[in-house]
Amino acid sequence: MKTYIRSTANISPQATFNTPMFLGEVTEYHDNRLTCIEPDYNEIISPKLNRRMSRLIKMSAASALTCLKKAGITSPDAIITGTAYGCLEDTGTFLTNLIEQNEEPLSPTAFVQSTHNTAGAQIALLIKCNYYNNTFASGGASFENTLLDAMMFLAEKKQTANVLVGGMDEITDASHTILSRAGLYKRNPVSNVSLFNTSSKGTVNGEGAAFFLLTNTPSENNLAYIEAVTTFYKPADIAETAEQIECFLSEQSLNASDIDLLVMGNNGDAKQDKIYTQLQQVLFDEVAAVKYKNLCGEYPTSTAFAMWMATNIINTNSIPAMLYHSGNVNEKINRVLIYNHYQNIYHSLILVSAC
Amino acid sequence: MGAIVFVAGAGAITGIGNNVPECLAALTEGKTGIDSIKYLPTNHRGSLPACEVKLSNGELAAMSGFLPSASRNAMLSAVAAKEALDDSDIKSIPGLRIGFVSATTVGGMDKTEKFVADFLPDHTKGRLRDLIYHECGNITAMVAEKLCIKSYVSTISTACSSSANAIMYGARLIKHNVLDAVIAGGTDALTKFTLNGFNTLMILDEQYCQPFDENRRGLNLGEGAAYVVLVSERVAFLLKTPPYCSITGYCNVNDAYHQTASSPEGNGPYWAMTGALEMGGLQPSDIGYINLHGTGTQNNDSSEGMAIQRLFHPNYPKLSSTKSFTGHTLGASAGVEAVFSALAIKRGIVYPNLRLQTPMEEFSFVPETGFSKYPGLKHVMSNSVGFGGNCSSLIFSKI
Amino acid sequence: MDKLIADLKVQIATQLKIKNVKPEDIGDDEPLFGVGLGFDSLDVLELIVLLRQKYKLKVSNAEDGQKVFRSVKSIAEYITANQVQNT
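Chains as they are written, first to last, in this note's numbering: chain A, 1316 to 1670; chain B, 11 to 409; chain C, 10 to 96.
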């Protein structure tokens, strides 16, 4: 039983939400911080309901509702979300109040909305979905865990079933300051457009909320399907990484040459990006490859953006001109392998294929 | 796909005991762990009781292998997870695919609170090293490394139902033959963040909580960690010690009524319990004991009670809330109660609902007021209800 | 009382993040809960915090809050009555 992608919606630092063209022009940023281009939420969620929602929740709810609308589904059989940082804004607000007001009195809304499951819960509340609802907070594997849970859930159902999955993380002023202090970003800010032309330490910060309506039922309306997903943790060296990838492919009775396009998680950090170069040489010499973090920045659930991109590439059978890519692309793009690592700690593989 | 998953090991550290035997002794003797706050540096000491683990961070560090400067939450998790792993003896079987699914709501918030206090007045201040514990996933990853588990390490965070969903996800991974064994459960240390958060919701009891009492005033927070080791049927046969029990049913639903309140009709808990029974092919009359979510708040106990009345009236199983012993351990609570439920099945015992003076007038059932033996106990149900409407129910069954 | 009511409207709009209605357009007697502005139990708690922070008044439980916070006018009356007691 396959896991099909029926629809997808993505709020990101690019014009990816409700735009007719798939990645038409790159939106440029110059300050190490790629922040989402947000819609008018009042058009999607009633002001009475969205007034309390933090930015991350609004982004997630808008993306989720739009994804459902595109699929023509009012209520899925499950909602599964993945977020590494959770609701940073509300967590920060409550913590700040706690410390500045010396433990009294404090805003209950910020506390209630600080839990990681707030996005999934708010979506359920908006559409009155009483079914399975789960949230993963597994760092750089959060989004991949949602996919695995969804795939197992769908495989258990004897009839048609749908699962709404999403990956989301946000930047706040505080989190950006802290992660900058930790040395994650470029010392001298670069334009995201030339992120991969620089060979220096550091990357750029990013955020996003991407949702997918997954189904176990074939249909000509399906955009693609997820063949397999896996994650692995802190591989010892490049040999172990290559072995994991080969193992993953052989479990699907595939090898590297069966991949039509490789989507790589290069983030502009010279040391971290070496892994991708080495893997291309060792395994994917002949395979066309694209990168995506110049568009969305680096954050733990960026593979949700990558999967949105892969889905659209397969569905349109084209690679947008603005994508940085190498190698010759096959006439028919059947199989796209997303390989990403987050700080060389969380590594993930998502194989998305044409129906 | 395999049909049944077994509980082969258990580990727990709570305010009533530093390991499973100590917790069991306290449950048997009716000894609550709720007390005035001694370890958490908070302005609410003396006014709000809680159920802290009776160990300092230094003592927990020695037990867990973490440095004393690490997050208390990581230490609790490591202690309980190791006890569960050792108890199951799965490491004696070579070649097993083992995963770790842990749940938490606070992550390393205890360390983050310290960082933010320095960071707020001056953004160049605050020890960045304190923040390595912040993310929920980092706590899990650090503990997984201590257990030498590298693959299938996941963190679930769905407020107070977190551990139940971790156990369900673990069971699913085994049933789909992705893994042979999973250490599943959760952890949450007491923090100023959660203490003040619940205080601002006005649902904390300034006295010792009285779950399912007509005059209940709210909940007491607790802290702890607890894990069960889930194994497939094949692995269960290979182990020297018989498993505690099997998990025959589970269900996760969303009440979708309000962010913080459950529906008055108890829809969420009702659907969760019904779904778990359906999965196990069981009838309400098969359940011998329910370990209630029973926090002691007006809303939860009314809502959960209504759900129980709808499903079980007029033939009620025995019921009790062990939060009257441990307080509400948030992300760990379903894990703690899973361990207690597994023990209940294994030993044929039922725990009391402490401090019950006046049963709730709206219901015709009365929770247990004393510890008792129940040799014929075949199925135990454990309920969890969380913020955001996340409701889960697990069924543990005699083999 | 009029100034208090006007101030309260601004404070309530800020604390409860109301964006679709201007503070001055909130009716003095307009029901805050159910219909009207559609506040809920979480908003009761926010209003309790507001009263404590701005007016140093304590509402000891959420059920009392439901009665006090019927409308902006009822809140103003509560403040006036209890602040007199405090002085």
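Mixed in with the good hints there might be a few duds.
What the hints assert, rightly or not - Mimicking EDC-like on lysine to aspartate or glutamate, the simulated pairs with C-alpha atoms at most 16 Å apart in a straight line are:
#	chain 1	residue 1	chain 2	residue 2
1	B	LYS124	A	ASP1355
2	A	LYS1472	B	GLU32
3	B	LYS124	A	GLU1471
4	A	LYS1549	B	GLU288
5	C	LYS28	A	GLU1418
6	C	LYS28	A	GLU1415
7	B	LYS160	B	ASP132
8	B	LYS185	A	GLU1415
9	B	LYS160	A	ASP1552
10	C	LYS67	A	GLU1419
11	C	LYS65	A	GLU1471
12	C	LYS63	A	GLU1419
13	A	LYS1363	C	ASP38
14	B	LYS160	A	ASP1573
15	A	LYS1589	A	GLU1646
Stated by the list, open to error - Just the calculated beta-carbon pair ranges, DEER-fashion:
#	chain 1	residue 1	chain 2	residue 2	range
16	B	GLU288	A	THR1492	33 to 39 Å
17	B	LEU130	C	LYS63	42 to 48 Å
18	B	GLU224	A	ALA1497	42 to 48 Å
19	C	LYS26	B	GLU275	25 to 31 Å
20	B	LEU130	A	THR1532	19 to 25 Å
21	C	ASN29	B	HIS323	56 to 62 Å
22	C	LYS63	A	LYS1384	47 to 53 Å
23	A	LYS1586	B	LEU130	31 to 37 Å
24	B	ARG107	C	THR23	53 to 59 Å
25	C	GLU33	A	LYS1384	49 to 55 Å
26	A	THR1389	B	GLU372	32 to 38 Å
27	C	GLN75	B	LEU130	42 to 48 Å
Simulated from the structure, these hints should not be mistaken for lab results. Think of the CB as a built atom: it goes at the ideal place given N, C-alpha and C, for glycine as much as any other residue.
Hint check:
{"no.": "1", "hint": "B:LYS124 / A:ASP1355", "result": "37 Å, violated"}
{"no.": "2", "hint": "A:LYS1472 / B:GLU32", "result": "42 Å, violated"}
{"no.": "3", "hint": "B:LYS124 / A:GLU1471", "result": "45 Å, violated"}
{"no.": "4", "hint": "A:LYS1549 / B:GLU288", "result": "41 Å, violated"}
{"no.": "5", "hint": "C:LYS28 / A:GLU1418", "result": "28 Å, violated"}
{"no.": "6", "hint": "C:LYS28 / A:GLU1415", "result": "26 Å, violated"}
{"no.": "7", "hint": "B:LYS160 / B:ASP132", "result": "38 Å, violated"}
{"no.": "8", "hint": "B:LYS185 / A:GLU1415", "result": "49 Å, violated"}
{"no.": "9", "hint": "B:LYS160 / A:ASP1552", "result": "15 Å, holds"}
{"no.": "10", "hint": "C:LYS67 / A:GLU1419", "result": "12 Å, holds"}
{"no.": "11", "hint": "C:LYS65 / A:GLU1471", "result": "56 Å, violated"}
{"no.": "12", "hint": "C:LYS63 / A:GLU1419", "result": "13 Å, holds"}
{"no.": "13", "hint": "A:LYS1363 / C:ASP38", "result": "19 Å, violated"}
{"no.": "14", "hint": "B:LYS160 / A:ASP1573", "result": "28 Å, violated"}
{"no.": "15", "hint": "A:LYS1589 / A:GLU1646", "result": "29 Å, violated"}
{"no.": "16", "hint": "B:GLU288 / A:THR1492: 33 to 39 Å", "result": "50 Å, violated"}
{"no.": "17", "hint": "B:LEU130 / C:LYS63: 42 to 48 Å", "result": "22 Å, violated"}
{"no.": "18", "hint": "B:GLU224 / A:ALA1497: 42 to 48 Å", "result": "53 Å, violated"}
{"no.": "19", "hint": "C:LYS26 / B:GLU275: 25 to 31 Å", "result": "30 Å, holds"}
{"no.": "20", "hint": "B:LEU130 / A:THR1532: 19 to 25 Å", "result": "52 Å, violated"}
{"no.": "21", "hint": "C:ASN29 / B:HIS323: 56 to 62 Å", "result": "45 Å, violated"}
{"no.": "22", "hint": "C:LYS63 / A:LYS1384: 47 to 53 Å", "result": "42 Å, violated"}
{"no.": "23", "hint": "A:LYS1586 / B:LEU130: 31 to 37 Å", "result": "33 Å, holds"}
{"no.": "24", "hint": "B:ARG107 / C:THR23: 53 to 59 Å", "result": "54 Å, holds"}
{"no.": "25", "hint": "C:GLU33 / A:LYS1384: 49 to 55 Å", "result": "36 Å, violated"}
{"no.": "26", "hint": "A:THR1389 / B:GLU372: 32 to 38 Å", "result": "35 Å, holds"}
{"no.": "27", "hint": "C:GLN75 / B:LEU130: 42 to 48 Å", "result": "35 Å, violated"}
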